[in-house]
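Trainee: Below, each chain spelled out in residue letters.
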Amino acid sequence: MSDDDLRARLRHADPAASVAPPSPDEIARLVETTVTNVPVVRRRRHYALAAAALVLVAAGAGWALTRPATNQPTANQTTANQTAANRTAASEPATDGRDEPRTVRINAAAGIRAKCVEPSAERLAAAADLAFEGTVTRVENAVVTIDVSRVFHGAEADVVQVAQAGETSEQLTGSGRFEQGGRYLVASSEGTVMICGYSGEAGTPGLRDLYGRAFPG
Amino acid sequence: MNVDARRARFEAVAPAVIDAVRRYLARRTDPATADDVLSETLLICWRRLEAMPDEHVLWAYGIARNCLANADRGRRRQARLAARIARLDPPRTVSEPPAGDDGLTDALAGLRPEEAELLRLWAWEDLSPAQIAVVLGVSVNAVNIRLHRARTSLREQLRKRGGAAGHEESTKGRRR
Numbered sequence: 000m001s002d003d004d005l006r007a008r009l010r011h012a013d014p015a016a017s018v019a020p021p022s023p024d025e026i027a028r029l030v031e032t033t034v035t036n037v038p039v040v041r042r043r044r045h046y047a048l049a050a051a052a053l054v055l056v057a058a059g060a061g062w063a064l065t066r067p068a069t070n071q072p073t074a075n076q077t078t079a080n081q082t083a084a085n086r087t088a089a090s091e092p093a094t095d096g097r098d099e100p101r102t103v104r105i106n107a108a109a110g111i112r113a114k115c116v117e118p119s120a121e122r123l124a125a126a127a128d129l130a131f132e133g134t135v136t137r138v139e140n141a142v143v144t145i146d147v148s149r150v151f152h153g154a155e156a157d158v159v160q161v162a163q164a165g166e167t168s169e170q171l172t173g174s175g176r177f178e179q180g181g182r183y184l185v186a187s188s189e190g191t192v193m194i195c196g197y198s199g200e201a202g203t204p205g206l207r208d209l210y211g212r213a214f215p216g
Numbered sequence: 000m001n002v003d004a005r006r007a008r009f010e011a012v013a014p015a016v017i018d019a020v021r022r023y024l025a026r027r028t029d030p031a032t033a034d035d036v037l038s039e040t041l042l043i044c045w046r047r048l049e050a051m052p053d054e055h056v057l058w059a060y061g062i063a064r065n066c067l068a069n070a071d072r073g074r075r076r077q078a079r080l081a082a083r084i085a086r087l088d089p090p091r092t093v094s095e096p097p098a099g100d101d102g103l104t105d106a107l108a109g110l111r112p113e114e115a116e117l118l119r120l121w122a123w124e125d126l127s128p129a130q131i132a133v134v135l136g137v138s139v140n141a142v143n144i145r146l147h148r149a150r151t152s153l154r155e156q157l158r159k160r161g162g163a164a165g166h167e168e169s170t171k172g173r174r175r
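As they're listed, the protein sequences go chains B and Y.
Following numbering that gives the first Met the number 0, the numbering of the first sequence begins with 0 at its first residue and continues without gaps.
Following numbering that gives the first Met the number 0, the numbering of the second sequence begins with 0 at its first residue and continues without gaps.
Bound conformation, chain B alone (with noise of 0.2 Å):
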């Protein structure tokens, strides 16, 4: 049997010979699972299951911060900061009429390994106490500093500090971490940056179209 009939029988016998070609609407798919950096969570489900219970706590947490306190941000803004015991100092109260900015310190988020389940809508909605858009103009001791230029949800603030403790890497989509300069979408739940998709680089595909979902007008 010479060489090229050996090929042309082992071709005969390839399993993958029926395999269609993907679809448009499979490599969109695809490509849009890849690029939002969501990875498979099969393999680990201990830590999905992990990542959901937290999410879980999240969500009744923001729940419970932001309920009763729907028609008086400011009142929404100190209990919160009373309730959150991970969030380093408390924010200015919001006077009327000073020049003073409105600072609000987070935290960002300690160093899960977990991978993520996709991000909604729906949970970052529920989730968040806190969500803007905004600009880093200074990453200082381990402090990125970012000028908001836009308030999603929560209390007004003009100026939100991230503590970012550490290597933060691969955390946020898009670069991993917050850079000088850089816009960046940022959600926040108990005063800690919500990682897995839900903060990152303005331009990450699919970002901002979740925060325009999750918060409409």
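Just to be clear, a hint being listed does not mean it is correct.
[Unchecked claim] Label-pair ranges, simulated between beta-carbon atoms:
#1 Y:8 <-> B:10: 16 to 22 Å
#2 B:4 <-> Y:43: 35 to 41 Å
#3 Y:158 <-> B:117: 52 to 58 Å
#4 B:7 <-> Y:105: 17 to 23 Å
[As the list claims (entries may be wrong)] Straight-line distance between alpha carbons at most 20 Å, and here's what the computed DMTMM-like set of lysine to aspartate or glutamate pairs gives:
#5 Y:159 <-> Y:71
#6 Y:159 <-> Y:114
#7 Y:159 <-> B:139
#8 Y:159 <-> Y:124
#9 Y:159 <-> B:4
#10 Y:159 <-> Y:101
Hints are computed from structural coordinates only; laboratory data are not their basis.
The C-beta atom is built at its ideal place from N, Cα and C for all residues, glycine as well.
Since chain B is already given, all that's left is putting chain Y on it; use the hints.
Mentor: Quick look at chain Y alone, frame taken from chain B:
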């Protein structure tokens, strides 16, 4: 590279990579593992996009190969696999090998795994020795030598099984 340019580059290569890697995996593993490994492979391609050479499909084969090896190593095979397939993903008929050439299937199974893999890359992925060398990360010369040996072993296996020769002869016989 900014986000949009990165994404555009990934989108440009994705169809070819997805098609090739899906087939590659369909030839080597069950559908559920194939889905997992495809996602993982794409994720690694995306993260390492800056390192992607022009021969992106060969590069992706190499990544898929490693991911598949990890998946195989990492899983507690029988029970979990059976349970998962039954629950999440009933077997698809498309990835069943065409019925008929049992002799060849057996003969392939009788080879050393490295030899069988070389032959698959050669005949199924339709790669030249130079391309196989890229996927496996070895020299072209080594591929040529090993491929020659693998073909010899396969012929040997087919001969041993007798049915293989019979298979050809009987076809000829019918034609006459």
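Trainee: Evaluate each hint against the coordinates.
Mentor: Each hint, compared with the structure:
no.	hint	result
1	Y:8 <-> B:10: 16 to 22 Å	violated (32 Å)
2	B:4 <-> Y:43: 35 to 41 Å	holds (37 Å)
3	Y:158 <-> B:117: 52 to 58 Å	holds (53 Å)
4	B:7 <-> Y:105: 17 to 23 Å	holds (18 Å)
5	Y:159 <-> Y:71	violated (30 Å)
6	Y:159 <-> Y:114	holds (17 Å)
7	Y:159 <-> B:139	violated (73 Å)
8	Y:159 <-> Y:124	violated (26 Å)
9	Y:159 <-> B:4	holds (18 Å)
10	Y:159 <-> Y:101	holds (14 Å)
In this structure, the earlier hints numbered 1, 5, 7, 8 are contradicted, and the remaining ones agree with it.
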